[in-house]
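From first to last, the protein sequence lines are chains A and B.
Residue numbers in the first sequence follow the working numbering, run continuously in steps of one, and reach 193 at the last position.
Residue numbers in the second sequence follow the working numbering, run continuously in steps of one, and reach 1143 at the last position.
Derived from the structure by calculation, the hints contain no laboratory data.
It cannot be assumed that every hint is accurate.
If we take Cβ atoms under 7 Å as the criterion, some of the chain B residues that face chain A in the derived model are [stated by the list, open to error]:
(1) Thr1006
(2) Pro1009
(3) Gly1012
(4) Gly1014
(5) Ala1060
(6) His1067
(7) His1138
For clarity, every value in this text was computed on a predicted model and none was experimentally measured.
Glycine included, each C-beta is placed from N, C-alpha and C at the ideal position.
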Amino acid sequence: MLGNRASSTACLLAAAALALVAPGSEAEPPKNAIAVTATFDCLWWSEAQMDGLDPNNPPPKETRVPIKRWEYSDPVGVPHPNVVDLVVRIKNDSPKDAEDVSPVVYIQWSEGPVRGKQSAVWGQALKLPSQTPVHLAALEAKSLRFPIDIAGKMSELDAKHQWPWSLRAVVDARAPDGGTASTRLELPIIPGD
Amino acid sequence: MAIQLTMLPPAGVGYYTFSPSSRQYGTPHTISMLLDICRQQHWNMSDAPIGIGDISFQDAGNMPPHHAHRHGRNIDFRPFRKDRHKLPTNIHDKSYSREMTRLLVENLLAHRNVHRILFNDKHIRGVHFFPGHDNHLHVETRI
């Protein structure tokens, strides 16, 4: 009894191994493995520029810095840019080229009263203008920038005494042969007191 | 009756500014208090000027993206750094000088025109915790 069970298990394992190495398999060819990540960054002053900076005659902001939140607490030391860039990095993880990979980006603003973050609600998802599809060689990665006008959104809401409490971005990347990937991220927007 | 606000001089003894002058208007008593405190700072530590940020606009009106900073009676200060550079810091950063910041708080609280200080270093007596105040002291004056 025990011997029969052992031999049938061995048969099953052998069959599985054959299936894995069998040439000319009818299984679908592997789709492009696309990976996508996203971050926010902006142009800001470098630390060397900040030291003793003349606020009445500030130098141009020329240093790219990553930001995890927009915050007005120190007008020089903490980035609160008018425009943030959503930086989308797409990587082709497969051993073959990926043609015409096109990311689609949607953003949403969480809008609420200036003194009422708890009452904020997510607005409509807005699709950002598409960019030219990219070609990715095997294992190659490329980054695309999507500028987002935060100051413009604040001005728009200011008339209604509202504040954009957070910005959300959802990114979908798609290769023509069906490989897909997506990511999402959020940027809290914190006013001064 | 419109409030008459006075501009903090962009340069002076015992302080430096990190906001444009257009955002540094205060009541005459507030500006006078600031200049007193900064003179005192200069006498005590001439190589460690106080960093002064937003106060109010000249018209005392709304100052986005602040909730407050109207009427010329709110001032933002930077905490002190051990290296005394004119740079930001916060209470969690190794550059932060608690001792120098404590002296500033004591001098401010000793002034009759200072009403309240919002700042999050719980090791400094007399300040009030308020979210978002790890990297600046928000000082409110009476008049």
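Hint by hint, here is what the structure shows:
Given hint, Thr1006/B at the interface with chain A, is violated; its Cβ is 17 Å from that chain's nearest Cβ, farther than 7 Å. This hint is violated: Pro1009/B has a C-beta 11 Å from the nearest C-beta of chain A, more than the 7 Å allowed. Look at Gly1012/B: its Cβ only gets to about 14 Å from chain A, farther than 7 Å, so that hint breaks. Among the interface hints, the one on Gly1014/B is violated; its C-beta lies about 15 Å from the nearest C-beta in chain A, farther than the 7 Å criterion.
Because the smallest distance between the Cβ of Ala1060/B and any Cβ of chain A comes to about 16 Å, over 7 Å, the interface hint for this residue is violated. Because the smallest distance between the Cβ of His1067/B and any Cβ of chain A comes to about 6 Å, under 7 Å, the interface hint for this residue holds. For His1138/B, the shortest C-beta to C-beta distance to chain A is roughly 6 Å, which falls under 7 Å, so the interface hint holds.
Checked against the numbered hints given earlier, the structure breaks hints 1, 2, 3, 4 and 5 and satisfies all the rest.
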